[in-house]
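Below are the chains, spelled out letter by letter.
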Amino acid sequence: MQNIYKKYLDEIGEVGEVTAVKSAVVTASGLPNAFLGERVLTENGVWGLIFSIDNQKIEFLTLSVGSIRIGEKLVRTSQVFEIEVGDHLGSGVFDPLGQTILGETLSETKTQSRPVDIEAAGLSSRKDVTEFFETGVGIVDLIMPLGKGQRELVIGDRKSGRSEFAIRAMTAHASAGGVCVYCMIGKRTSYIERIIDSFTQVGVLDRLCLITTFASDPAGLIYLAPYSAMTVAEYFRDQGQDALLVLDDLSTHSNFYREVSLVSGRFPGRDSYPGDIFYAHSRLLERAGNFKNGSITALPIARSLEGDLSGFIPTNLMSITDGHLFFDPLFFNEGKRPAVNPFLSVTRVGRQTQGELQKNLGREISTFLVDLKKLRSLMHFGAELTERVQAKLNLGQRLESFFYLNRRLPLPWQQSLFLAAAIWKGWGKGKPSEEFEPMLFAALAKLESDQSLQNLVNELIAEDELEDYLLKVKENFKALGGEDV
Amino acid sequence: MAKQTDCDFKKLELVIAFEPDDDLRASLLDWAQEQFGEDVMLKIRIDKSLIAGAQVYFEGKYVDLSLSKKIYAKYL
Chain A
1 MQNIYKKYLD EIGEVGEVTA VKSAVVTASG LPNAFLGERV LTENGVWGLI FSIDNQKIEF
61 LTLSVGSIRI GEKLVRTSQV FEIEVGDHLG SGVFDPLGQT ILGETLSETK TQSRPVDIEA
121 AGLSSRKDVT EFFETGVGIV DLIMPLGKGQ RELVIGDRKS GRSEFAIRAM TAHASAGGVC
181 VYCMIGKRTS YIERIIDSFT QVGVLDRLCL ITTFASDPAG LIYLAPYSAM TVAEYFRDQG
241 QDALLVLDDL STHSNFYREV SLVSGRFPGR DSYPGDIFYA HSRLLERAGN FKNGSITALP
301 IARSLEGDLS GFIPTNLMSI TDGHLFFDPL FFNEGKRPAV NPFLSVTRVG RQTQGELQKN
361 LGREISTFLV DLKKLRSLMH FGAELTERVQ AKLNLGQRLE SFFYLNRRLP LPWQQSLFLA
421 AAIWKGWGKG KPSEEFEPML FAALAKLESD QSLQNLVNEL IAEDELEDYL LKVKENFKAL
481 GGEDV
Chain B
1 MAKQTDCDFK KLELVIAFEP DDDLRASLLD WAQEQFGEDV MLKIRIDKSL IAGAQVYFEG
61 KYVDLSLSKK IYAKYL
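From first to last, the protein sequence lines stand for chains A and B.
Residues in the first sequence are numbered from 1 upward in steps of one, following the working numbering.
Residues in the second sequence are numbered from 1 upward in steps of one, following the working numbering.
Just so you know, the hints here were simulated from the structure itself, not pulled from any lab data.
Be aware that a few hints might be false.
Claimed, not checked - From the derived model, a few chain B residues whose C-beta atoms are all more than 10 angstroms from chain A:
id: 1; residue: ASP23
id: 2; residue: ALA32
id: 3; residue: GLN35
id: 4; residue: ASP39
id: 5; residue: ASP47
id: 6; residue: LEU67
Said to hold, decoys possible - Only pairs whose alpha carbons sit at most 20 angstroms apart, straight line, appear in this in silico SDA-like list of lysine to any residue:
id: 7; chain 1: B; residue 1: LYS69; chain 2: A; residue 2: MET1
id: 8; chain 1: A; residue 1: LYS7; chain 2: B; residue 2: LEU42
id: 9; chain 1: A; residue 1: LYS73; chain 2: B; residue 2: SER49
id: 10; chain 1: A; residue 1: LYS57; chain 2: B; residue 2: LYS10
id: 11; chain 1: B; residue 1: LYS69; chain 2: A; residue 2: GLN2
id: 12; chain 1: A; residue 1: LYS6; chain 2: B; residue 2: VAL15
id: 13; chain 1: B; residue 1: LYS61; chain 2: A; residue 2: SER78
id: 14; chain 1: A; residue 1: LYS73; chain 2: B; residue 2: LEU76
id: 15; chain 1: A; residue 1: LYS73; chain 2: B; residue 2: MET41
id: 16; chain 1: A; residue 1: LYS73; chain 2: B; residue 2: GLY60
id: 17; chain 1: A; residue 1: LYS73; chain 2: B; residue 2: TRP31
id: 18; chain 1: B; residue 1: LYS10; chain 2: A; residue 2: LYS7
id: 19; chain 1: B; residue 1: LYS61; chain 2: A; residue 2: GLN2
id: 20; chain 1: A; residue 1: LYS7; chain 2: B; residue 2: PHE58
Here the structure is a predicted model, which means the values were calculated and not measured.
No residue lacks a Cβ here, since even glycine has one placed at the ideal position from N, Cα and C.
Could you build all of it, start to finish, from the sequences and the hints given here?
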């Protein structure tokens with residue numbers, strides 16, 4: 001490291017001296033021509049990133065662990081912060097600097113350096129979101145669909161299943177041959193181990209790029225993690241691939257950004273966040289989208305408090321993204337998994353990517369769910385239920401059993417559509433949830449193992465009209481198991 | 001007038017290969033004050049690996065005028 005320090009010192013001929021160390025932010029004098037975002041290196045080999053500059057001093061964030069003492073010298077590098085990207089990032093666990101964490105040997109691939117914090121690509125390189133993005137979660141694929149290149153906020157309380165949803169979406173996307181980048185921001189080591197285990201179990205770890213930062217990492221490194229992950233996703237987009245980027249989570253990211261901003265003495269704004277917290281996230285998410293050569297679908301995750309969506313960071317992110325999926329703690333407590341609340345969720349560009357069948361059935365079911373909600377609130381008055389109302393309630397129960405099925409593996413959208421259509425058309429009619437759920441699980445097991453049934457399900461998608469499709473689904477109830485209509 | 005602290009001085013740091021005597025120190029300081037004004041502070045460090053010449057650190061700038069650098073550049 002001394003050699004690298006000496007090299008930059010000789011080449012650039014500028015030197016700085018540390019004058020104050022405040023947690024993750026270090027103040028130094030000197031380096032007259034330093035610029036914002038430039039990388040600096042201290043004598044002891046600690047890398048930093050210039051965070052602010054004025055006439056007298058510069059401030060930089062430390063990016064690696066190591067001690068910095070007052071009076072220590074540092075050099076600038078004339079380089080902005082860059083990482084080496086290449087096909088080797090397609091699978092493995094990395095830190096935001098692009099270094100492998102588990103110590104595995106990386107295959108020799110052609111790499112290129114890319115700056116981490118760049119301006120988003122302009123309008124001319126973008127195109128409309130037209131392709132459907134499969135998450136493998138029935139309720140999302142049918143009612144709150146996403147498109148490739150959409151930025152959908154995943155918001156909910158702690159422990160409401162947000163990460164599980166993201167993991168299912170990544171499993172579905174990786175199984176379909178897509179590239180996934182999962183950015184874990186300031187997570188516990190045990191959590192990261194658990195995630196690696198669960199990906200290993202479903203067999204997709206070798207198709208995922210995990211950019212991880214631990215809670216114990218320097219705040220500067222944690223702050224940079226989502227930008228690094230976005231750079232990796234951009235690399236794969238430029239290779240013509242459809243990348244999925246999950247940022248888990250941006251609430252923690254804002255907390256770390258708030259920490260470094262407060263420590264460096266920037267004026268606090270609402271909730272003590274710095275004034276540019278919106279810009280920090282908007283310039284990041286603006287880089288995702290659908291491009292002419294590929295797409296980046298972004299699923300930033302945010303935390304709400306006690307089911308309150310109106311917090312500062314959640315509302316910021318809602319206005320940046322193309323909709324949000326709200327993981328409602330009330331739904332979670334009722335045992336619904338995933339706890340997506342379709343009434344408070346929004347998708348702005350996803351619906352235009354659905355096929356006619358999905359769109360029409362989705363619309364009918366959404367309307368039905370709203371009616372059902374009203375009906376249930378009326379039931380509190382204790383009115384006697386007519387047969388029609390009972391049938392409606394039963395249909396609602398069966399649909400919910402299907403939508404909130406606690407399942408780890410993703411369900412292909414064709415199968416979701418088929419099952420939802422079957423329920424809509426009366427499959428399992430009159431059965432209470434306790435009886436219907438085993439039927440559903442049996443049908444899912446059959447769908448997984450029976451190739452001819454899968455073929456049938458995929459063939460039926462070719463129907464143009466919803467009515468024809470529903471009739472054909474009805475004709476094939478028997479294939480699903482269970483009896484009658 | 002506010003008390004002048006270390007921070008208010010311009011710091012000229014010299015790394016040389018030998019221990020300077022008092023005369024040399026004084027003449028170096030005189031020269032520095034002549035060049036940069038009265039408020040300059042001289043800091044001298046010894047590093048024998050320089051062989052001869054000096055490394056100069058001043059106001060964020062660095063110049064290596066040592067013999068070792070020239071030898072490295074020429075032979076290594």
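Now for the hints, and whether the structure bears them out:
Non-interface status of B:ASP23 relative to chain A is upheld: no Cβ of that chain comes within 10 angstroms, the nearest being about 28 angstroms off. Every CB of chain A lies more than 10 angstroms from the CB of B:ALA32, the least distance being 17 angstroms, so the non-interface label holds. Annotated as non-interface, B:GLN35 keeps its C-beta farther than 10 angstroms from every C-beta of chain A; the closest such distance is 18 angstroms. Every C-beta of chain A lies more than 10 angstroms from that of B:ASP39, the closest at about 15 angstroms, which supports listing it as non-interface.
In this structure B:ASP47 is separated from chain A by more than 10 angstroms, as the shortest Cβ-Cβ distance comes to about 13 angstroms. Distance check for B:LEU67 against chain A: the nearest CB is about 15 angstroms away, which clears 10 angstroms, and the non-interface claim stands. For the hint linking B:LYS69 to A:MET1, the alpha-carbon distance of about 19 angstroms falls within 20 angstroms, and the restraint holds. The suggested pairing of A:LYS7 with B:LEU42 is violated, with an alpha-carbon distance near 26 angstroms, which exceeds 20 angstroms.
Taking the CA atoms of A:LYS73 and B:SER49, the gap is about 19 angstroms. The hint holds against a cut of 20 angstroms. Taking the CA atoms of A:LYS57 and B:LYS10, the gap is near 14 angstroms; set against the 20 angstroms cutoff, the hint holds. Restraint check for B:LYS69 and A:GLN2: the C-alpha separation of about 15 angstroms stays at or below 20 angstroms, so the hint holds. Among the hinted pairs, A:LYS6 with B:VAL15 is consistent with the structure: their alpha-carbon atoms are about 15 angstroms apart, no more than 20 angstroms.
For the given pair, B:LYS61 sits about 14 angstroms from A:SER78 by alpha-carbon distance, which is consistent with the 20 angstroms threshold. Using a Cα cut-off of 20 angstroms, the hinted pair A:LYS73 and B:LEU76 is violated, with the two alpha carbons roughly 26 angstroms apart. The hinted pair formed by A:LYS73 and B:MET41 meets the criterion: a straight-line CA distance of about 18 angstroms does not exceed 20 angstroms. In summary, the hint linking A:LYS73 to B:GLY60 is supported, as the alpha carbons are separated by about 10 angstroms, within the 20 angstroms threshold.
Distance hint between A:LYS73 and B:TRP31 is unfulfilled; the C-alpha atoms sit about 25 angstroms from each other, more than 20 angstroms. About 26 angstroms separates the Cα atoms of B:LYS10 and A:LYS7, which puts this hinted pair outside 20 angstroms; it is violated. At roughly 19 angstroms between alpha-carbon atoms, B:LYS61 and A:GLN2 fall within 20 angstroms of each other, so this suggested pair holds. For the hint linking A:LYS7 to B:PHE58, the alpha-carbon distance of about 19 angstroms falls within 20 angstroms, and the restraint holds.
The structure fails to meet hints 8, 14, 17, 18 from the earlier list, while all remaining hints are met.
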